[in-house]
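The whole structure should be built from the sequences, with the hints applied where relevant.
So the sequences go chain by chain: A and B.
Mapped onto numbering that gives the first Met the number 0, the consecutive letters of the first sequence carry residue numbers 0 to 265.
Mapped onto numbering that gives the first Met the number 0, the consecutive letters of the second sequence carry residue numbers 0 to 290.
If you're looking for bench data, these hints aren't it; they were derived computationally from the structure.
It is possible that some hints are incorrect.
Claimed, not checked - Subject to a maximum C-alpha distance of 30 Å in a straight line, what follows is the list of computed DSSO-like cross-link-like pairs (lysine-lysine): (1) A:Lys-176 / B:Lys-75; (2) B:Lys-241 / A:Lys-179; (3) B:Lys-263 / A:Lys-179; (4) B:Lys-75 / A:Lys-67; (5) B:Lys-242 / A:Lys-179; (6) A:Lys-63 / A:Lys-179.
What the hints assert, rightly or not - Here are the simulated distance ranges between beta carbons: (7) A:Leu-171 / B:Glu-73: 40 to 50 Å; (8) B:Glu-100 / A:Met-222: 26 to 36 Å; (9) B:His-40 / A:Leu-82: 28 to 38 Å; (10) A:Ser-189 / B:Glu-18: 51 to 61 Å; (11) B:Met-12 / A:Ser-192: 45 to 55 Å; (12) A:Asp-40 / B:Asn-24: 54 to 64 Å; (13) A:Leu-93 / B:Glu-18: 19 to 29 Å; (14) B:Phe-17 / A:Ile-74: 16 to 26 Å; (15) B:Glu-69 / A:Ala-123: 41 to 51 Å; (16) A:Ser-192 / B:Thr-59: 51 to 61 Å; (17) A:Gln-238 / B:Glu-5: 54 to 64 Å; (18) B:Leu-226 / A:Lys-213: 36 to 46 Å.
As the list claims (entries may be wrong) - Stretches of chain B that chain A covers, calculated by requiring three or more beta carbons in the stretch to come under 8 Å of a beta carbon on chain A: (19) 79–86; (20) 205–219.
Backbone N, C-alpha and C fix where the C-beta goes; we use that ideal spot for every residue, glycine too.
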Amino acid sequence: MLKNVIIGQYVPGRSFVHSLDPRSKLITIFLFMIFIFISRDPFVLSSAVLLTAAAFLTAGIPFKFFWKGIRIILIIVVLTFTLHLFMTQEGMVLLDLGWITIYSGGLIEGGLIALRLFLLIILATMLTLTTTPVDLTDGMERLMKPLKRVKVPTHELALMMSIALRFIPTLLEETQKIVKAQTARGASFSQGSLWKRVNALIPVLIPLFVSSFKRAEDLAIAMEARGYAGGEGRTKFRQLSWRTRDTMIVSFLLLFGVFSIITRIS
Amino acid sequence: MRVEVENVSFTYMKDTPFETTALRNVSLTLEAGVYHAIVGHTGSGKSTLMQLFNGLEKPTSGKVSVGEWEITPETKQRDLHELRRHAGVVFQFPESQLFEETILKDVMFGPLNHGKTKAEAETVAREALLRTGMPAELHDRSPFELSGGQMRRTAIAGVLAMEPQLLLLDEPTAGLDPEGQQEIMQLFYDWYREKEARTIVLISHDMNQVARFAENVVIMEQGEKQLAEKASALFTDESLLKKYQLAMPEHARLLKRLEDASGKPLDLNAFSDEAALERLLRFLREGDADA
Chain A
0 MLKNVIIGQY VPGRSFVHSL DPRSKLITIF LFMIFIFISR DPFVLSSAVL LTAAAFLTAG
60 IPFKFFWKGI RIILIIVVLT FTLHLFMTQE GMVLLDLGWI TIYSGGLIEG GLIALRLFLL
120 IILATMLTLT TTPVDLTDGM ERLMKPLKRV KVPTHELALM MSIALRFIPT LLEETQKIVK
180 AQTARGASFS QGSLWKRVNA LIPVLIPLFV SSFKRAEDLA IAMEARGYAG GEGRTKFRQL
240 SWRTRDTMIV SFLLLFGVFS IITRIS
Chain B
0 MRVEVENVSF TYMKDTPFET TALRNVSLTL EAGVYHAIVG HTGSGKSTLM QLFNGLEKPT
60 SGKVSVGEWE ITPETKQRDL HELRRHAGVV FQFPESQLFE ETILKDVMFG PLNHGKTKAE
120 AETVAREALL RTGMPAELHD RSPFELSGGQ MRRTAIAGVL AMEPQLLLLD EPTAGLDPEG
180 QQEIMQLFYD WYREKEARTI VLISHDMNQV ARFAENVVIM EQGEKQLAEK ASALFTDESL
240 LKKYQLAMPE HARLLKRLED ASGKPLDLNA FSDEAALERL LRFLREGDAD A
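Here you go:
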């Protein structure tokens, strides 16, 4: 199961999506998210699906790999769908079993929410798959820059995020190693009652915590040894470059947004 | 336990952009009751190969037989539980597996998982700890209060307490000081000598270690088996060592120099201090006789 986690992984490539500036990717996804949550118009939503599909296809991420990775997250989508299906009491009655009633409104609401979440998950996953963690945090830091005036520690926030992203694969690797070591000592993670399985995690979690703290300490020492003293006066080796294609994609998204707002109001 | 590997290939993260082939069509036999070593450069697939021997990884294709167990791509994890009692692994930096409140409890983890009662587990755990040089007064301490070397010993005791027949060692002395390295290697060797059927497979970059302890050496390179040879034959053959970019062990190298300098043929087959000393003394005595 652990082998399939793709959060925080980066798949190198030269596609259009890869080549976009991280800032424009972040803005695009943010706008897209707002618009699909505002809109209920079938035309807007289906074009959103098409846009997502187009982005996915151009990014050139192998489908099988992607699917395996998001399969687990899709449980949330299914869960929300079912919740909405049973909780909404609008529209006509579709099914009446006495103790449970399904309304047409529930089906529509559930489907709508599921679709929105689904698109969101795909895009968010694609963001980390096509953007290096360094670019991603650089982009975030730049976008948060205005907040610095109101004393928000933007550099520190960005650094925290980049460290977190950077260590996801390391942590997964470490977990796998410890799981193997404990399996070799006869631990079993897929047998027995739920309680037993939860207990089986203790021999994995404790070593993981211990090594994470140790690693954090080592990292702090290494950073200080190299003279790190916060974001003040720090220059950047990698410069972000905003190009025409970034302007294009953001204006396209704004247009899409205006359109979805118009359909919502009228 | 005898290990037989038949046409085994192994691919990590199959069907992803990160797919890497670690083993290519490897076939080899490791006889029971022998001290084996697997050597090769980083990334040659030796660790992966070793993890197949107790079913931590299953081959992508081919078959691995360990004792009476067979591991194929279709084998279920739960069928391998019993095998793991008989094939213990000491990983690189095994101290990262410690988790219990006390050292004793941590060593008891393996035996308890394999169906021993608390009392039985405590007996084998205490024995294993004493064997690895952890005195009784330390047994109730937390493993996280120990020094690095003591943590290593505790982790090794945790593997030995399962009373395996086959011991898989993945660079067990990495990061220890020279004295600690020697003690740990001696400890494994004493364990191995105790019973006829015990088998060891050692992965190491240290050719002195390999030559000193192993009887049979397998050379891996880029996921393929290059050679399986008796240690005494491999480590005295300069051209063979050169071909696989392996260093000649220190003792043999010294004798080789002496041989080259004196022009007299010497038996290079000496990989311990004692054996090398014995050869040197014999050389000196023969020199005296000539004079």
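Each hint tested on the structure:
1. A:Lys-176 / B:Lys-75: holds (20 Å)
2. B:Lys-241 / A:Lys-179: violated (35 Å)
3. B:Lys-263 / A:Lys-179: Not OK: Lys-263 of chain B and Lys-179 of chain A at ~52 Å, beyond 30 Å, violated.
4. B:Lys-75 / A:Lys-67: holds (21 Å)
5. B:Lys-242 / A:Lys-179: Since the Cα atoms of Lys-242 of chain B and Lys-179 of chain A sit roughly 34 Å apart, the hinted pair is violated (cutoff 30 Å).
6. A:Lys-63 / A:Lys-179: Cα-Cα ~26 Å, so holds.
7. A:Leu-171 / B:Glu-73: 40 to 50 Å: The hint (40 to 50 Å, Cβ to Cβ) is violated, given that Leu-171 of chain A and Glu-73 of chain B are roughly 26 Å apart.
8. B:Glu-100 / A:Met-222: 26 to 36 Å: At 33 Å between Cβs, range holds.
9. B:His-40 / A:Leu-82: 28 to 38 Å: violated (55 Å)
10. A:Ser-189 / B:Glu-18: 51 to 61 Å: At 25 Å between Cβs, range violated.
11. B:Met-12 / A:Ser-192: 45 to 55 Å: violated (32 Å)
12. A:Asp-40 / B:Asn-24: 54 to 64 Å: Since the Cβ atoms of Asp-40 of chain A and Asn-24 of chain B sit about 58 Å apart, the hinted range of 54 to 64 Å holds.
13. A:Leu-93 / B:Glu-18: 19 to 29 Å: violated (46 Å)
14. B:Phe-17 / A:Ile-74: 16 to 26 Å: Hint holds: Cβ distance 24 Å, inside 16 to 26 Å.
15. B:Glu-69 / A:Ala-123: 41 to 51 Å: Holds: the Cβ-Cβ distance is about 44 Å, inside 41 to 51 Å.
16. A:Ser-192 / B:Thr-59: 51 to 61 Å: violated (33 Å)
17. A:Gln-238 / B:Glu-5: 54 to 64 Å: holds (55 Å)
18. B:Leu-226 / A:Lys-213: 36 to 46 Å: For Lys-213 of chain A against Leu-226 of chain B, whose Cβ atoms are near 39 Å apart, the range 36 to 46 Å holds.
19. 79–86: holds (count 3)
20. 205–219: Our answer is that it is violated, as 0 residues pass the Cβ test (under 8 Å) against chain A, missing three.
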